[in-house]
Amino acid sequence: MSHARSECGTRSGAPSYRLTFDGAAVTALPGQSVGAALMAAGIVSWRTTRREGRPRGLFCGIGVCFDCLITVDGRPGQRACLVPARDGMRLSAEGGDGEGDGEGGGDGDVD
Amino acid sequence: MAMSTDPPMYDVAVVGAGPAGLSAAVGAAEAGLDVALIDAGRLPGGQYWRHDDEHPPHPGHRDGRLFARLRARLHHQRRLGRLHYLPGHQVWLIDRPRPDTGPFTLRLNGPYDTAPVERDRVRARALVLCCGTHDRQLPIPGWDLPGVMAAGGVQALLKGHRTAAGSRAVVAGTGPFLLPVATGLAQAGVRVLAVCEANPVHGWLRHLGGAARVPAKSAEALRYAALMARHRIPYRTRAAVTEILGEDRVRGVRLDSGEVLEADLVALGWGFTPALELPLMVGADTRRDLDGSLVAVVDTHQRTTVPDVLAAGETTGVGGAALAVAEGRLAALTVAAAHRLPVDPRAARRLRATIRHGRAFAAALHGTYPVPAGWTDRLTERTVVCRCEEVTYGELCRARDELGAEDPRTMKLLARPGMGWCQGRICGFAVAAVTASLTGRPATAEDLRPLSARPFAALVTLGELAEMADGDEEPGADAAEESGADGDGEP
Ligand SMILES: Cc1cc2nc3c(=O)[nH]c(=O)nc-3n(C[C@H](O)[C@H](O)[C@H](O)COP(=O)(O)OP(=O)(O)OC[C@H]3O[C@@H](n4cnc5c(N)ncnc54)[C@H](O)[C@@H]3O)c2cc1C
Ligand code: FES
Numbered sequence: 001m002s003h004a005r006s007e008c009g010t011r012s013g014a015p016s017y018r019l020t021f022d023g024a025a026v027t028a029l030p031g032q033s034v035g036a037a038l039m040a041a042g043i044v045s046w047r048t049t050r051r052e053g054r055p056r057g058l059f060c061g062i063g064v065c066f067d068c069l070i071t072v073d074g075r076p077g078q079r080a081c082l083v084p085a086r087d088g089m090r091l092s093a094e095g096g097d098g099e100g101d102g103e104g105g106g107d108g109d110v111d
Numbered sequence: 001m002a003m004s005t006d007p008p009m010y011d012v013a014v015v016g017a018g019p020a021g022l023s024a025a026v027g028a029a030e031a032g033l034d035v036a037l038i039d040a041g042r043l044p045g046g047q048y049w050r051h052d053d054e055h056p057p058h059p060g061h062r063d064g065r066l067f068a069r070l071r072a073r074l075h076h077q078r079r080l081g082r083l084h085y086l087p088g089h090q091v092w093l094i095d096r097p098r099p100d101t102g103p104f105t106l107r108l109n110g111p112y113d114t115a116p117v118e119r120d121r122v123r124a125r126a127l128v129l130c131c132g133t134h135d136r137q138l139p140i141p142g143w144d145l146p147g148v149m150a151a152g153g154v155q156a157l158l159k160g161h162r163t164a165a166g167s168r169a170v171v172a173g174t175g176p177f178l179l180p181v182a183t184g185l186a187q188a189g190v191r192v193l194a195v196c197e198a199n200p201v202h203g204w205l206r207h208l209g210g211a212a213r214v215p216a217k218s219a220e221a222l223r224y225a226a227l228m229a230r231h232r233i234p235y236r237t238r239a240a241v242t243e244i245l246g247e248d249r250v251r252g253v254r255l256d257s258g259e260v261l262e263a264d265l266v267a268l269g270w271g272f273t274p275a276l277e278l279p280l281m282v283g284a285d286t287r288r289d290l291d292g293s294l295v296a297v298v299d300t301h302q303r304t305t306v307p308d309v310l311a312a313g314e315t316t317g318v319g320g321a322a323l324a325v326a327e328g329r330l331a332a333l334t335v336a337a338a339h340r341l342p343v344d345p346r347a348a349r350r351l352r353a354t355i356r357h358g359r360a361f362a363a364a365l366h367g368t369y370p371v372p373a374g375w376t377d378r379l380t381e382r383t384v385v386c387r388c389e390e391v392t393y394g395e396l397c398r399a400r401d402e403l404g405a406e407d408p409r410t411m412k413l414l415a416r417p418g419m420g421w422c423q424g425r426i427c428g429f430a431v432a433a434v435t436a437s438l439t440g441r442p443a444t445a446e447d448l449r450p451l452s453a454r455p456f457a458a459l460v461t462l463g464e465l466a467e468m469a470d471g472d473e474e475p476g477a478d479a480a481e482e483s484g485a486d487g488d489g490e491p
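As you go down the protein sequences, you meet chains A and B in turn. Sequential numbering of the first sequence, starting at 1, is according to the working numbering. Sequential numbering of the second sequence, starting at 1, is according to the working numbering.
Hints are computed from structural coordinates only; laboratory data are not their basis. Using N, Cα and C, we set each Cβ at its ideal position, and we do this for glycine too. Accuracy of the hints is not assured; some may be wrong.
[Stated by the list, open to error] So, partial list: chain B residues that the calculated Cβ filter (under 8 angstroms) puts toward chain A: (1) D34; (2) D53; (3) T101; (4) F104; (5) D135; (6) L245; (7) D248; (8) E390; (9) G394; (10) R425.
[Unchecked claim] Partner residues are not named here, just some residues of chain B that face chain A (Cβ under 8 angstroms, in silico): (11) A40; (12) D113; (13) V117; (14) D144; (15) V154; (16) A156; (17) V306; (18) W421.
Take the sequences, apply the hints, and build the full model.
This is the structure we're talking about:
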């Protein structure tokens, strides 16, 4: 997870936010999602899958695939590509099924 | 987060604020209707006019001007109180207590836990569904490695978040959309090693016949060709990525020539898949389009087969932003006419001509950039097909051979593809194709439907379900369960 990433285009005067990911400092620009901020910091995965324990990060980038689930300020199961970064946010990796606290309807098993 | 005030009633609810939905909502409000415009995105513009808070699409650009005008008209109609814009609201359920007549109730929630929602329900006498698309994906060995992304997602990161997703990229798949992704990355300072286009090069020349009738499109093609040359991006045709390499993140790709390119970002796109859950939920007829995707059937007024439900933009077939705008405008005229408001018949005729030409051009593109026949031959026993449930190609083969799964519905039950978080949005096209090919037949609309219908169009909390089940005068809960029970959304 060491590849440095670029933020293209600097915003004159836009102050950057300071977040943490599993305790480590990550900066974000206003308007960036937390997923974009992690990618820009060279962090490409923050979840492992339920069956095979495989790493996952952003895939669709637009809220469709749910690969990017992350815990934001203690709330699990948030889509990193959608949640806008805010100053002081605490992000943490999600293990296992990434499933949150009683969300339903995502599992397709209404049958 | 739930509010139980009486939901307001609108003449029309437009779902989606992309090129189609913005045009439909603004047009309907200007015609004198009360409009709700509901969009999951935080900012108007959809996928095409995606931008961030500080960088609107460039107004010097032809399409940027169109967007600037539409946005100004949107805000003007909001100030006049005719248009209620609800950004950051997902429609997760639509029900209509009386079949084929009377108002619809749309249930709304936020895209993430802390997103405030202004309304959890609205009611409307008519709907215009403009839900757009997402990138179509074909599974490739290694496509689940971090650093592999959907091409549109890479573009969304660039346009919406000013973020380049890597430093050495390969852009692969098929279609003209690979070019703006590649040139966008190059302009952001990313080294683009190649665009790998699976189809043959003479495609470009062949489709210019169709493009000549839509001159702006050929100009666009030439502009990208020039940008590709300026950034020295190799455009390889008949070049398919057969394997993505890496252990816990992507390190490179192997091409069908055997050559390996080292990269830390792989952007994949094979055209687009329209989001059909809302049309299916309300019972609208669907068909398989020329590109193999399931789309909503509409007539020459943008009406679906369900009374008072219209559809516009990529919901009716993938064809680009200009076509989406024309369809959105025509939908607005149709709703206005249904309310006996005066409509200029010449405007409708002009829009129909634009739509006809746009569809002819889209047909030429679909013919030039098909999903390559035989793509399933590259799958290995261990290739993940459904990313959510981690269902491999081998497991699908066994469900077919040992358990007799010959259609996607049975496949879903026995091997669980499309049953995870994304509900088959990513793997649906592939699962339909794989199931059909294992059974020795081409995929049909019947194969696609059970993988495109969803009991809910967005993630729902148990609290929201409970509230719907007991708090309501409408039989919403029953409708939801029925549409989930057989998975095809027919109420
Ligand atoms: C990720 C991505 C990036 C793209 N980038 C480009 C590009 O740079 N250039 C280009 O020429 N084409 C691009 N395209 C193609 C482009 O999508 C279309 O040409 C054009 O945007 C279609 O317009 P539309 O109005 O039909 O749909 P869209 O623009 O997709 O708009 C649909 C809107 O509906 C919303 N929506 C869907 N379902 C719901 C729901 N249940 N509740 C609430 N809201 C909902 C979506 O959030 C979205 O805002 C891209 C496509 C994708 C998927
Ligand atoms: S990257 Fe697909 S949902 Fe976030």
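* Quick check: which numbered hints come out false for this structure? -> Hints 1, 3, 4, 6, 9, 13 and 17 not satisfied by this model.
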